[in-house]
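Asks: Below, each chain spelled out in residue letters.
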Amino acid sequence: LAKTTQPISMDSYEGQEVNITCSHNNIATNDYITWYQQFPSQGPRFIIQGYKTKVTNEVASLFIPADRKSSTLSLPRVSLSDTAVYYCLVGYTGRRALTFGSGTRLQVQP
Amino acid sequence: DAGITQSPRHKVTETGTPVTLRCHQTENHRYMYWYRQDPGHGLRLIHYSYGVKDTDKGEVSDGYSVSRSKTEDFLLTLESATSSQTSVYFCAISEGQGALHFGNGTRLTVT
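Quick mapping for you: the protein sequence lines, in order, are chains A and B.
In my numbering, each number is its position in the first sequence, counted from 1, plus 507.
In my numbering, each number is its position in the second sequence, counted from 1, plus 19.
Everything labelled a hint here was simulated from the structure, so no lab data went into it.
Cβ coordinates follow ideal geometry from the N, Cα and C atoms, glycine included.
Keep in mind that the hints are not guaranteed to be accurate.
As the list claims (entries may be wrong) - Here are some chain B residues the structure puts well away from chain A; computed CB gaps all over 10 angstroms: (1) Thr45; (2) Ser84; (3) Arg87; (4) Val129.
To be verified - Simulated restraints on C-beta separations: (5) B/His43 - A/Gln549: 15 to 23 angstroms; (6) B/Val79 - A/Arg584: 35 to 43 angstroms; (7) B/Ser26 - A/Pro583: 33 to 41 angstroms; (8) A/Arg584 - B/Lys30: 24 to 32 angstroms; (9) A/Lys510 - B/Gly59: 17 to 25 angstroms; (10) A/Thr579 - B/Arg28: 30 to 38 angstroms; (11) B/Thr128 - A/Asp518: 28 to 36 angstroms; (12) A/Phe570 - B/Lys30: 39 to 47 angstroms; (13) B/Val31 - A/Lys561: 41 to 49 angstroms; (14) B/Gly70 - A/Ala535: 18 to 26 angstroms; (15) A/Ala535 - B/Glu33: 39 to 47 angstroms; (16) B/Asp57 - A/Gly522: 32 to 40 angstroms; (17) A/Ser581 - B/Glu114: 22 to 30 angstroms; (18) B/Asp81 - A/Gln523: 19 to 27 angstroms.
Modelling step: build the complete structure from the supplied sequences, incorporating the hints.
Replies: Next comes the structure, spelled out in structure tokens:
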């Protein structure tokens with residue numbers, strides 16, 4: 508199982524770009540990298556998923572280097588509503604457990 | 020969210036009683052998961068299922084059992100509830116590639 512390491516917390520200001528990096532040194536060939544956002548009292552919400560290189564959607568970008576041992580979630584121009592906990596999950600659905608790391612608590616200030 | 024319903028949403032029970040939480044999906048996804056989340060902590064995997072009648076243990080399975088007799092339902096049972104099992108329980112489903120979709124959670128209090 509790929510263990511992940513993320514910063515425990517980050518602070519930013521409205522309008523800034525935020526980059527959260529996740530380390531996953533023992534990622535397996537079949538593993539995907541998926542990021543989730545969680546607000547208090549809610550279940551985590553899927554943000555973005557990638558396998559290699561760069562993926563972009565309407566809310567975020569995901570950068571994955573060639574060795575795939577880390578990944579970076581990029582949130583452009585954050586707002587107060589982006590204050591949440593962000594989790595990086597590495598794995599592949601199958602007869603395998605999907606376990607989360609501790610997550611990164613992002614606090615966006617006005 | 021993604022056709023997942025958890026029931027009940029809230030429950031208070033006494034130590035020593037059995038409790039069953041239900042996760043129902045309308046997406047026909049093959050994979051289903053139960054996680055617990057304690058205040059200020061991340062998600063810990065209790066049990067998961069990769070098909071009807073196919074289940075396996077996660078990180079914190081002691082004191083819990085699961086059953087999946089139909090694709091759409093995944094039941095989590097606390098055989099004899101303890102105060103340490105007071106938590107928020109999340110069910111998640113997936114069709115593949117590690118992308119999970121979560122329910123709204125069940126808040127369980129064991130007194």
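Asks: For each hint, tell me whether it holds in the structure or not.
Replies: Hints and how they fare:
A cut-off of 10 angstroms between C-beta atoms confirms that B/Thr45 is not in contact with chain A; the least separation is 16 angstroms. Distance to chain A confirms B/Ser84 as a non-interface residue, since its nearest Cβ pair spans about 16 angstroms, more than 10 angstroms. Look at B/Arg87: its CB is around 14 angstroms from the nearest CB on chain A, clear of 10 angstroms, so calling it non-interface holds up. No Cβ of chain A approaches the Cβ of B/Val129 within 10 angstroms, the least distance being about 19 angstroms, so the stated non-interface status holds.
Separation of B/His43 from A/Gln549 is about 18 angstroms and conforms to the stated range, judged on CB atoms against 15 to 23 angstroms. The beta-carbon spacing between B/Val79 and A/Arg584, approximately 38 angstroms, falls within the hinted interval of 35 to 43 angstroms. As the Cβ distance of B/Ser26 to A/Pro583 is approximately 38 angstroms, the hint placing it in 33 to 41 angstroms holds. Taken as a hint, the range 24 to 32 angstroms is violated for the pair A/Arg584 and B/Lys30, whose Cβ atoms sit roughly 41 angstroms apart.
Distance hint check: the CB atoms of A/Lys510 and B/Gly59 are about 20 angstroms apart, consistent with the given range 17 to 25 angstroms. Distance hint check for A/Thr579 and B/Arg28: the Cβ-Cβ separation is about 36 angstroms, which falls inside the suggested range of 30 to 38 angstroms. Restraint check, B/Thr128 to A/Asp518: a C-beta distance of roughly 33 angstroms satisfies the suggested window 28 to 36 angstroms. A hinted range of 39 to 47 angstroms holds for the C-beta pair A/Phe570 and B/Lys30, which are about 42 angstroms apart.
Between B/Val31 and A/Lys561, the C-beta spacing of about 47 angstroms keeps the proposed range 41 to 49 angstroms intact. One distance hint, 18 to 26 angstroms for the beta-carbon pair B/Gly70 and A/Ala535, holds here, with the actual separation near 21 angstroms. Between A/Ala535 and B/Glu33 the beta carbon distance is about 44 angstroms. The supplied range of 39 to 47 angstroms therefore holds. A C-beta distance of roughly 34 angstroms is found between B/Asp57 and A/Gly522, which places it inside the suggested range of 32 to 40 angstroms.
At about 26 angstroms, the CB distance of A/Ser581 to B/Glu114 agrees with the hint of 22 to 30 angstroms. For B/Asp81 paired with A/Gln523, a C-beta distance near 44 angstroms fails the hint of 19 to 27 angstroms.
In summary, the structure is inconsistent with hints 8, 18 from the numbered list given earlier, while agreeing with the others.
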